[in-house]
Amino acid sequence: MNDPITLNGITLTGSPVCRQEEVLTPQALEFVAKLHKATADRRRELLVQRENRRKSIARGHDPKFLPGTRHIREDSSWRVAPPAPGLEDRRVEITGPVEKKMTINALNSGAKVWLADMEDSSTPSWSNVINGQLNLTDVLERRIDFTSEAGKEYKLTGRTLTDLPTIVVRPRGWHLPEKHMLIGGEPVAGGIVDFGLYFFHNAQRLIAQGRGPYFYLPKIESHLEARLWNDVFILAQDLLGIPQGTIRATVLIETITAAFEMEEILYELREHASGLNAGRWDYIFSVIKNFRARGPRFVLPDRTQVTMTAPFMRSYTEQLVRACHRRGAMAIGGMAAFIPSRRDPEANAIAMEKVHADKTREASDGFDGSWVAHPDLVPVAREVFDGVLGSRSNQLDRQREDVTPDDGALLNIAGTEGSITETGIRTNLEVGIQYIESWLRGNGAVAIHNLMEDAATAEISRSQIWQWIHAHAVTDDGEIVTREWVRELLEEEFAALPRFDGDRFDDAREIFEECALGEEFPAFLTIPAYQNYLLEKSPAKVVAAA
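Each residue of the sequence shown is one higher than the one before, counting from -10 in the working numbering.
For the record, the hints were derived by calculation from the structure and aren't laboratory data. No false leads were slipped in.
Keeping only pairs whose Cα atoms sit at most 27 Å apart, straight-line, the calculated BS3-like set for lysine-lysine is:
(1) Lys141 x Lys89
(2) Lys89 x Lys144
(3) Lys144 x Lys90
(4) Lys168 x Lys89
(5) Lys168 x Lys23
(6) Lys26 x Lys168
(7) Lys141 x Lys90
As the structure is a prediction and not an experimental result, all values here were calculated from the model.
Build out the structure end to end from the sequences listed, making use of the hints.
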């Protein structure tokens, strides 16, 4: 076993990854260390504030628009920065992890934007963290390619960076640590690692090729968390001598508390802001998490029945478009997670029709673009937005003055139609365990039943089980959802899983049971999974380039 090494104030404990010396240079590590030291205390304070806010909601205090920031909402004069190069037209955005094959496919998809995901669709193993950085740099240097085991070759088709979808990187959220990079024995925030390494190595490359360092900010729960990111951006640009405002950030409104602070979030980031995104899956998870112990009024039906037409989801998306366009920011719609199958054309046709209807609703509501999870869905979304936008790049002129800010409507959970079914419980058990198993083996984007599952959908699966048990929910067949009954169903679903050599199903089951069937409710299942189950080889000495 090799010992960890400390370099420029950072102790590295991850097992060696090929070419990591290109990423973990002394200068890059020094840069990351400066960002960490400037933000660590505030980050810890904000995470405590998150927990205190959850406890307040649990005691019956519903979130409301903040009276202390009323002046920001009522001041109609301020705007965010104008669209940056490559972000003027965002009608179709494709998402996916920064794995080599998926990177190439996303960049060849014909989308306007690629969300290069280091968060919910990527397992944060040390090898994934390093290889993701290498893949992004290799794209900018035009040296990325991939050959499958079957001999199929994957290469970029665009001649220059501006021929490709604009790259927008999603670093990890404030809550996730990077246990392989320590300062004073404390893990560096995963988001600081992801942002810092990418920005240090590639900001100048991007600018030189007609683009810029652009980011998606996940899991933000308040405008104060957005302010912290903004301070990171200011410091990072100062340290590298890059003009202020070069960075652009799109914030995912994927927590219920952030929905009450959308304009404030844009205000905090206004020199660097480019828009907000309706992160629908994490948003549903956040609703369940925050109101899980508040009784029947906040109990949702099967996850497949919680659609974007539910009253609380309609209110959230319409108020998001209004907030964005009032401030000159782009409004980006939610994910179409369907994965086409060439083996079942009939099922494909039905699913494509649903995707088309979903994107039509978003375009009609005023969204400037939307997400898809698969290249085959790009033409579907593009056709819809082409039909609404025509030759225009966006719908920023559509102010949605017909929408009135309404904090009560955001909490109309009880208006959601649907029921809890045994099938829904079984689906949550199966999908949750299958996803976690794949995550533990390093794959954070998993196709299950023709849907792209990521950490957010796994969170919905386990949190619904927890809430239904603790609320003594009743299924459409009159069955009370008890822990004992769910364990019986879990045994049956687990026995039916396809086992194979080297699988991690036993670990996945332990994690799922801890997060779904225990008395306590871990805020994120990825935290215990990362700390206790995501295995790395023995620590090894890192040789950094001089």
